[in-house]
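**Q** One-letter residues, chain by chain:
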Amino acid sequence: MTVSHARVLGLTVLVLALIAVPYALPALGANFWVNIIAEILIWSLLAASVNLLLGYLGLLSFGQSLYFGFGMYGVALSINAWDVGFWSALAIGMAAASVMALIAGVLAVRLTWHYFAIITVVFSLIFYFAAMSMKWLTGGDDGVSFTPPPVMNLGGYKLLLTDPTAQYYVILGIVAGCFALMALIVNSPLGLSFKAIRENDRRAALIGINVYRTRLIAFVLAGALAGVSGALFAFFGRYASASYMFYHVSGEAVVWAIVGGASSLLGPLFGAGALIIFRELVSNAWEHYLIAVGVITILVVMFAPRGIAGSWNDLLHKAFMRRSQGADPNKPAAVIEEPR
Amino acid sequence: MTASGTALSLSGLTKRFGGLVAVDDVTIDLESRKLNAIIGPNGAGKTTLFNLITGEIAADSGRVTFQGRDIVNRKPHEIVRSGISRTLQIKSVFGGLTVGDNVRAAVLAHERIMTPFRPVSSYRAVAARSNDLIEEVGLSDHRGALASSLSYGDVALLEMALALAAQPKLLLLDEPVCGMGPQETERTVAMITGISRHTDVILIEHDMEVVFDIADFIMVMAQGGILATGTAAEIASDAKVQEAYLGSPEDD
Amino acid sequence: MNELVLALAVNGLVWGLIVALIALGLSIIFGLLDVINVAHGDFFMLGTVGGLVVATSTGSFWIALAIVPLIGLILGAVIERLVIRPTLRQASLTIVTTFGLSMIIQEVVRATYGAQPRRMAAPIDGTIPLFGINYEIYRIAAAAFAALFLIAFFLFLNRTKLGTWIRAVRHDPETATSLGIPVTLVTAFTFALGTAMALLGGVIAAPITTVDFRSGVDILPVCFMAVIIGGLGNLQGTVAAAIMLAVLEGVVTSFVDPTTARIASLVIMSVALLVRPHGLFAGATR
Ligand SMILES: Nc1ncnc2c1ncn2[C@@H]1O[C@H](COP(=O)(O)OP(=O)(O)O)[C@@H](O)[C@H]1O
Ligand SMILES: [Mg+2]
Chain Y
31 MTVSHARVLG
41 LTVLVLALIA
51 VPYALPALGA
61 NFWVNIIAEI
71 LIWSLLAASV
81 NLLLGYLGLL
91 SFGQSLYFGF
101 GMYGVALSIN
111 AWDVGFWSAL
121 AIGMAAASVM
131 ALIAGVLAVR
141 LTWHYFAIIT
151 VVFSLIFYFA
161 AMSMKWLTGG
171 DDGVSFTPPP
181 VMNLGGYKLL
191 LTDPTAQYYV
201 ILGIVAGCFA
211 LMALIVNSPL
221 GLSFKAIREN
231 DRRAALIGIN
241 VYRTRLIAFV
251 LAGALAGVSG
261 ALFAFFGRYA
271 SASYMFYHVS
281 GEAVVWAIVG
291 GASSLLGPLF
301 GAGALIIFRE
311 LVSNAWEHYL
321 IAVGVITILV
331 VMFAPRGIAG
341 SWNDLLHKAF
351 MRRSQGADPN
361 KPAAVIEEPR
Chain L
1447 MTASGTALSL
1457 SGLTKRFGGL
1467 VAVDDVTIDL
1477 ESRKLNAIIG
1487 PNGAGKTTLF
1497 NLITGEIAAD
1507 SGRVTFQGRD
1517 IVNRKPHEIV
1527 RSGISRTLQI
1537 KSVFGGLTVG
1547 DNVRAAVLAH
1557 ERIMTPFRPV
1567 SSYRAVAARS
1577 NDLIEEVGLS
1587 DHRGALASSL
1597 SYGDVALLEM
1607 ALALAAQPKL
1617 LLLDEPVCGM
1627 GPQETERTVA
1637 MITGISRHTD
1647 VILIEHDMEV
1657 VFDIADFIMV
1667 MAQGGILATG
1677 TAAEIASDAK
1687 VQEAYLGSPE
1697 DD
Chain B
791 MNELVLALAV
801 NGLVWGLIVA
811 LIALGLSIIF
821 GLLDVINVAH
831 GDFFMLGTVG
841 GLVVATSTGS
851 FWIALAIVPL
861 IGLILGAVIE
871 RLVIRPTLRQ
881 ASLTIVTTFG
891 LSMIIQEVVR
901 ATYGAQPRRM
911 AAPIDGTIPL
921 FGINYEIYRI
931 AAAAFAALFL
941 IAFFLFLNRT
951 KLGTWIRAVR
961 HDPETATSLG
971 IPVTLVTAFT
981 FALGTAMALL
991 GGVIAAPITT
1001 VDFRSGVDIL
1011 PVCFMAVIIG
1021 GLGNLQGTVA
1031 AAIMLAVLEG
1041 VVTSFVDPTT
1051 ARIASLVIMS
1061 VALLVRPHGL
1071 FAGATR
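Residue numbers (our numbering), protein chains in the order written: chain Y, 31 to 370; chain L, 1447 to 1698; chain B, 791 to 1076.
These are calculated hints, taken from the structure and not from any lab test. Please read all numbers here as calculations on a predicted model, not as lab measurements. Backbone N, C-alpha and C define an ideal beta-carbon position, used for all residues, glycine too. One or more hints might be untrue.
To give a feel for the contact side, a few chain B residues facing chain Y, derived at Cβ under 8 Å [claimed, not checked]:
(1) Val-873
(2) Ile-885
(3) Gly-890
(4) Ile-894
(5) Thr-1049
(6) Arg-1052
(7) Ile-1053
Some, not all, of what chain B presents toward chain Y, calculated at C-beta under 7 Å [unchecked claim]:
(8) Ile-826
(9) Pro-876
(10) Val-886
(11) Met-893
(12) Glu-897
(13) Ala-901
(14) Leu-1056
(15) Ile-1058
(16) Ser-1060
(17) Leu-1064
Full structure from sequences and hints, please.
**A** Given below as structure tokens:
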């Protein structure tokens, strides 16, 4: 067995386990966990949007909650106003987030390093405050609720989100689709130009890459991902709220991405999974479990900067004695260089 | 002088950093099909001159004419696409990528391939060109190695491959053999003379032996300006040049 | 001019001086360590909580004013050693570690002090008439304290040996090392000092604000605005921007609602960042 065999095996096990969730967990008497796993899947997309920028372009966005919020409101408002169907609402949520990301990105990707982190959080704060005060439209903190339309309407048979199993599979399908698309992108010529920019933006320009445009493309893609995440979360919760546009939501996504392992495709899923499961297990017994989350975050950055996925890869390489030239366990997954 | 005979033409090119005039009203036509070299003491403004040509810093005034068009203050990636490639004095490649991916990224960028939904590995022609380039600079044994694991000399060679991937009409080399051992130097010098047979080359070099050996035309810079120009023999006997070099002896 | 506007401007000035003190702490930490300290607002919050707790248990606000910043100095030194120093190599990831720190601080305060916002009695009673309203004397005193500490800070930075070292390390760590300056120690002290300044701002502000474990979240963006509009790492600029923003926000608030004022400041901040991204600090000593 080689490392890549082990990877394929691991991925297969993961996919099968996720497919089995709605049957296996209730059989174990843990119905409640089906929804938790669905929530993890949704949040993993938000973390993935952070990861796309941080892990593949070396840009730390602290403002992904803005696009998450646009995804949420795109769904809620379009359903309430125009009575659109499930897929149209999803598309509108994603489009709203992408357009917002395009507008913000045109300005934000001029900056790098700390400045990029600051400008992204500032943009998200502007819209957070605006959304909070525009209660007539957004409902502010309380948000707006809606009734999700059927996902499919096949000659009398309706696929409804009110069926938890159906809802789970719809979410799993969309999230898996997004991750598959990401996998395609990061291995494509576009993805290689992302990585080239991450490694050395000056040299990237000198081989003829339009660094600004490429960063903008990535920023919009990340915004779209965050938008899908927000749209799904709106369907899942049957409502949209401005409170999800606060920078703490962005910060949490950054933490998930880093704990999971930035620059590894599935890292965000593991990060979101580990910390949300931790929350569910501990928060009932210990109200102040966030202390532990904070400690875990710091310890991961200090001792396992490549996160869960990076450590898992290192483990695989050790186990199969096939050290790839790539795995330097001490190198942080995301390298953000100071501008020269 | 006809445009086809000129590799690059600079006129009145000037760059100030605060009070310091790093490049001071440089005007020169560099001929095509010759190996042009720029020498001069540290801080003379040689690298800054390259940065102005490649659009990495904005010129305060002046023109850079390449193939009949003024390219001054255009974006670096546009200038690369118009046919000028360069290597950097402090060698720099994509450290976290393999040698193969480094070169593939450069070839793809040159071909303007930015598709998002097809794997890099499915581009056969790109792979073939990348392998040729890697072979040309002699890094075939390191194809799968991370660029950050290469020796300094090998990084310089990889950088050369990245610059060549753009099929430049003009290649700017900033101290290409700096930090190389004698054998690597010899190999690299041979490569440069080989390239200069089909591509215009402007070479900044500290190693006088190398310059006098291979350069057809030498431009000497000091304090941002042009001190002298001519063939190796003319420069070697130029009193001003001797003074400039004796006045500030080389530290390497 | 409308008297109320003047009163609001004065109130803005009071806040501006306090924010300047806190933002200055953020600014020196950024300038020296390249750390974007997301937990800085929580240090301020610790100051308000510490001020309230110490003042009620000792019966004197003045004791709190004296010892809480000292606690901040020690706390800052400990945090620098445990959390900041080990991750300094990864400059941008310190945003993440300090975010973790912020969670820890807020949650520890919620666990010990409680989630209930409280108010604190002003240590100086009474009001004076000012532009047609009765203005609390303590607010004037708070502004005076803040101004005093600001002056003290700049004197310290420019007149003492340690201050000179800090400036030297800010300017060029390598040269500083070669001159025999203990760079690691100076760095640690700078973080501790920045932390102490946030706590000091917190104690001063405690009697005129709500003491709440969440208050750091509100003050952090304000401090960042001051630091960025003033020019990252430009200390005088930070002070000027903090005062300007607070006065402006105070005045603007009398015409539009506070949220609009807040949004306006954020937009100004974005423009500052975009128009002079690196120029902002390039002009400063760095
Ligand atoms: N980005 C910059 N900012 C300020 N000064 C610079 C910058 N780049 C170069 N210089 C200064 O310009 C002068 C010329 O530098 P350079 O072109 O690197 O010289 P050379 O390559 O001939 O050794 C030097 O004094 C150098 O310090
Ligand atoms: Mg040079």
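**Q** Next, verify each hint and record whether it holds.
**A** Hints versus structure:
A distance limit of 8 Å between C-beta atoms decides the matter here; for B:Val-873 the minimum to chain Y is near 6 Å, and the interface restraint holds. Hint status for B:Ile-885 relative to chain Y: holds, with the closest Cβ pair at about 6 Å, below 8 Å. Interface restraint check: B:Gly-890 against chain Y, minimum CB-CB distance 3 Å, threshold 8 Å, status holds. Nearest Cβ of chain Y to the Cβ of B:Ile-894: about 4 Å, under the 8 Å cut. The hint holds.
Using the Cβ-Cβ criterion of 8 Å, the hint placing B:Thr-1049 at the interface with chain Y is satisfied: the shortest such distance is roughly 4 Å. At about 5 Å, the closest approach between the beta carbon of B:Arg-1052 and any beta carbon in chain Y falls short of 8 Å, and the interface hint on this residue holds. Nearest Cβ of chain Y to the Cβ of B:Ile-1053: about 5 Å, under the 8 Å cut. The hint holds. Because the smallest distance between the Cβ of B:Ile-826 and any Cβ of chain Y comes to about 5 Å, under 7 Å, the interface hint for this residue holds.
Against a cut-off of 7 Å between C-beta atoms, the interface hint on B:Pro-876 holds, since the closest Cβ of chain Y lies about 5 Å away. Because the closest C-beta pair between B:Val-886 and chain Y is about 6 Å apart, less than 7 Å, the hint holds. A distance limit of 7 Å between C-beta atoms decides the matter here; for B:Met-893 the minimum to chain Y is near 4 Å, and the interface restraint holds. With a least beta-carbon distance of about 4 Å to chain Y, the hint placing B:Glu-897 at the interface is held under the 7 Å criterion.
The criterion of a C-beta within 7 Å of any C-beta in chain Y is met by B:Ala-901, whose closest approach is roughly 4 Å, and the hint holds. Of the supplied interface hints, the one on B:Leu-1056 holds, with its beta-carbon coming within about 5 Å of a beta-carbon of chain Y, less than 7 Å. Taking 7 Å as the C-beta cut-off, the interface hint given for B:Ile-1058 is violated, the closest approach to chain Y being about 10 Å. With its C-beta approaching chain Y no nearer than about 5 Å, B:Ser-1060 sits inside the 7 Å limit, and its interface hint holds.
Checking B:Leu-1064 against chain Y: minimum C-beta separation of about 6 Å stays under 7 Å; hint holds.
In summary, the structure is inconsistent with hint 15 from the numbered list given earlier, while agreeing with all the others.
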